Amino acid sequence: MHLRVPRPRSLAGQLFAMQAVLIAVVVAGYALFTYISDRGQAQDAAGRQARAVSLAIADSPSVLEAIGSPDPTARLQPYAVRVMRDTDVDFVTIMDPEGIRWTHPDPGQIGRPFRGHIERAQRGQTFTETYTGTLGPSVRAVTPVLDDGRVVGLVSAGIKVEEISKRAQEQLTALLGVAAGALLLGAVGTYVINARLRRHTHGMNADELSRMHDYHQAALHAVREGLLMLDGQYRVALINDGGRELLGVAGDVVGASVADLGLPAQLTGALLASEPRVDEVHLTDRRVLVVNTSPVSGGERRGTVVTLRDVTELQSLMGELNSERGFTQALRSQAHEAANRLHTVVSLIELGRAEEAVDFATAELELAQALTDQVVAAVSEPVLAALLLGKTAQANERGVELVVSRESRLDDGLLPPSLPARDLVTILGNLVDNAVDAAQGRVPSRVTVAAYTEAARGGEVTGTVPAAGGGGSELVLRVSDTGAGVDPAHADLVFQRGFSTKPAGEGGRGLGLALVSQAVQRHGGTLTVTEAPGGGARFEARLPLGDPQGRAPAPDAPAGRRAAGGAV
Numbered sequence: 027m028h029l030r031v032p033r034p035r036s037l038a039g040q041l042f043a044m045q046a047v048l049i050a051v052v053v054a055g056y057a058l059f060t061y062i063s064d065r066g067q068a069q070d071a072a073g074r075q076a077r078a079v080s081l082a083i084a085d086s087p088s089v090l091e092a093i094g095s096p097d098p099t100a101r102l103q104p105y106a107v108r109v110m111r112d113t114d115v116d117f118v119t120i121m122d123p124e125g126i127r128w129t130h131p132d133p134g135q136i137g138r139p140f141r142g143h144i145e146r147a148q149r150g151q152t153f154t155e156t157y158t159g160t161l162g163p164s165v166r167a168v169t170p171v172l173d174d175g176r177v178v179g180l181v182s183a184g185i186k187v188e189e190i191s192k193r194a195q196e197q198l199t200a201l202l203g204v205a206a207g208a209l210l211l212g213a214v215g216t217y218v219i220n221a222r223l224r225r226h227t228h229g230m231n232a233d234e235l236s237r238m239h240d241y242h243q244a245a246l247h248a249v250r251e252g253l254l255m256l257d258g259q260y261r262v263a264l265i266n267d268g269g270r271e272l273l274g275v276a277g278d279v280v281g282a283s284v285a286d287l288g289l290p291a292q293l294t295g296a297l298l299a300s301e302p303r304v305d306e307v308h309l310t311d312r313r314v315l316v317v318n319t320s321p322v323s324g325g326e327r328r329g330t331v332v333t334l335r336d337v338t339e340l341q342s343l344m345g346e347l348n349s350e351r352g353f354t355q356a357l358r359s360q361a362h363e364a365a366n367r368l369h370t371v372v373s374l375i376e377l378g379r380a381e382e383a384v385d386f387a388t389a390e391l392e393l394a395q396a397l398t399d400q401v402v403a404a405v406s407e408p409v410l411a412a413l414l415l416g417k418t419a420q421a422n423e424r425g426v427e428l429v430v431s432r433e434s435r436l437d438d439g440l441l442p443p444s445l446p447a448r449d450l451v452t453i454l455g456n457l458v459d460n461a462v463d464a465a466q467g468r469v470p471s472r473v474t475v476a477a478y479t480e481a482a483r484g485g486e487v488t489g490t491v492p493a494a495g496g497g498g499s500e501l502v503l504r505v506s507d508t509g510a511g512v513d514p515a516h517a518d519l520v521f522q523r524g525f526s527t528k529p530a531g532e533g534g535r536g537l538g539l540a541l542v543s544q545a546v547q548r549h550g551g552t553l554t555v556t557e558a559p560g561g562g563a564r565f566e567a568r569l570p571l572g573d574p575q576g577r578a579p580a581p582d583a584p585a586g587r588r589a590a591g592g593a594v
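Counting from 27, one number per residue, gives the positions in the sequence shown under the working numbering.
Be a bit skeptical, because a hint or two may be false.
To be verified - Once the Cα atoms are required to be at most 16 Å apart in a straight line, the calculated EDC-like pairs of lysine to aspartate or glutamate come out as: (1) Lys186 to Asp114; (2) Lys186 to Glu155; (3) Lys186 to Asp240; (4) Lys186 to Asp70.
Said to hold, decoys possible - The calculated label-pair distances, taken between Cβ atoms and stated as ranges, are: (5) Leu90 to His143: 20 to 28 Å; (6) Leu368 to Val304: 47 to 55 Å; (7) Leu209 to Gly277: 44 to 52 Å; (8) Ser236 to Ala208: 47 to 55 Å; (9) Met238 to Glu306: 53 to 61 Å; (10) Pro104 to Pro139: 16 to 24 Å.
Bear in mind the hints are in silico, worked out from the structure with no lab data behind them.
Being a predicted model, the structure only gives us computed values, none of them experimental.
Idealized CB from N, CA, C, for every residue including glycine.
The whole structure should be built from the sequences, with the hints applied where relevant.
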């Protein structure tokens, strides 16, 4: 048998108990103060009442006349009783100047000395006092009866302290009723407020809330994925470290509107949307993000929870995987063609035409070697050379001729470490794929690729702004096709994610050129699209390689104004 440790009271319960005790103490203190104050006020009121009655009796001509009669008691006792009844005082005593009673509520006390102080009244003064007489403690007033300035009698009127206490107790009873009502109302209000607080805190106590906050903060900063919470006005309510890094925002952005964060227009639109978004791909200047949004509602829209995942590396790997798939398909096609040629050679040999078989095989080898020699001679940089050879085979499989222009010249070892081969594959691979798609099925079907270096241009370039710095050399990658070209009306949209003139395939369309634009901007380069000399479109990417002294450009160098169309 084990002892059950009582669970600490919830925060709402603690607040309710504290507020109930506080209200009770305040009400009790106020009641005590009011009782004491009312008792004092009741005594003052009783003193003023007794004084007024005694003065009225002393000023009455009938009283003065009765005092001068042979038997004052006979005339004054009924009068005093009548005044006591009408003025609600406990006693009225009329006496001679020496203090011998002529009247008294108890007739047996008539003729006896007055119990109290009368010296000041004998000197012609009116005063009040609290004194214990024959009727008990009372608040009384004593005043002289004057006849031409001479004191001929004394009048005392009083109210017993017991009666004063009864009046105060009646007021106290009413006060306690009001206090009890206030306490009940305060308790009900406190209960309602704390019930709501209990719902908001899920009945947890202060230690549990503190521990949950600590866990919340630890989890918030430990999660590598980005987390963004927006309020009902689309202002940032919370953002973790991963969210700051993925969105590229710095400083205190809590309370700022999403529209003021400087994010790409499409990403901002997704965050401002009222409907949920599921696994949407968006590009920033440096990253490819998967965005999920979920509105928070409780009868009304309270905000939005946004999760961000960085798939930049994954997207790059997928691009490489697609290239490998293309190479595989090209190799399969080449193997099929090689098998056909081999069967042809074998058949010629079996027919006794050995010389023709040798000539046919030699011609095929020379054609393949010439293609390889042409690409390697123009572009000896191994990554780009391998990419172009693979893309040539792919294009040939789709009935498109891929030509490396004679102006191409790119020596091995020329590219700086700041320009990784993966980004070059992203840029040139996507441009070639886009051009092959455009040229396929047209006559002629040709894609021309140029890759060379030249001195960096200064001044304006059509559709974009050259890289910052203006000096050194730059890598030029130019891809032209014989397709339908780019409609001038779409020139500002062609680099935006999601834009495409082709029907959507599996996984969607419109991401390749956006990735190209992102990679170019990441390296401080420029990207333009113009009309090719023979029709079709010509895309040109210029990437800075460094100044003549060999200093490589900063990879985070700004790309000036965004590439055409304000892409990503």
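Cross-check of the supplied hints:
1. Annotation: proposed proximity of lysine 186 to aspartate 114 holds, straight-line Cα distance about 11 Å (limit 16 Å).
2. For the hint linking lysine 186 to glutamate 155, the alpha-carbon distance of about 12 Å falls within 16 Å, and the restraint holds.
3. With a C-alpha separation of about 69 Å, the suggested pair lysine 186 and aspartate 240 falls outside the 16 Å cut-off, and the hint is violated.
4. With a CA separation close to 13 Å, the supplied pair lysine 186 and aspartate 70 stays within the 16 Å bound.
5. Here the CB-CB span from leucine 90 to histidine 143 is close to 23 Å, well matched to the stated 20 to 28 Å.
6. Look at leucine 368 against valine 304: about 51 Å separates their beta carbons, and that is inside 47 to 55 Å.
7. Distance hint for leucine 209 and glycine 277: a CB-CB separation of about 51 Å, consistent with the stated range 44 to 52 Å.
8. The beta-carbon spacing between serine 236 and alanine 208, approximately 34 Å, falls outside the hinted interval of 47 to 55 Å.
9. Against the hinted window of 53 to 61 Å, the Cβ-Cβ separation of methionine 238 and glutamate 306 comes to about 31 Å, which falls outside the hint.
10. Checked against the given bound of 16 to 24 Å, the beta carbons of proline 104 and proline 139, roughly 22 Å apart, stay inside it.
In the structure shown, a violation is registered for the earlier hints numbered 3, 8 and 9, in ascending order.
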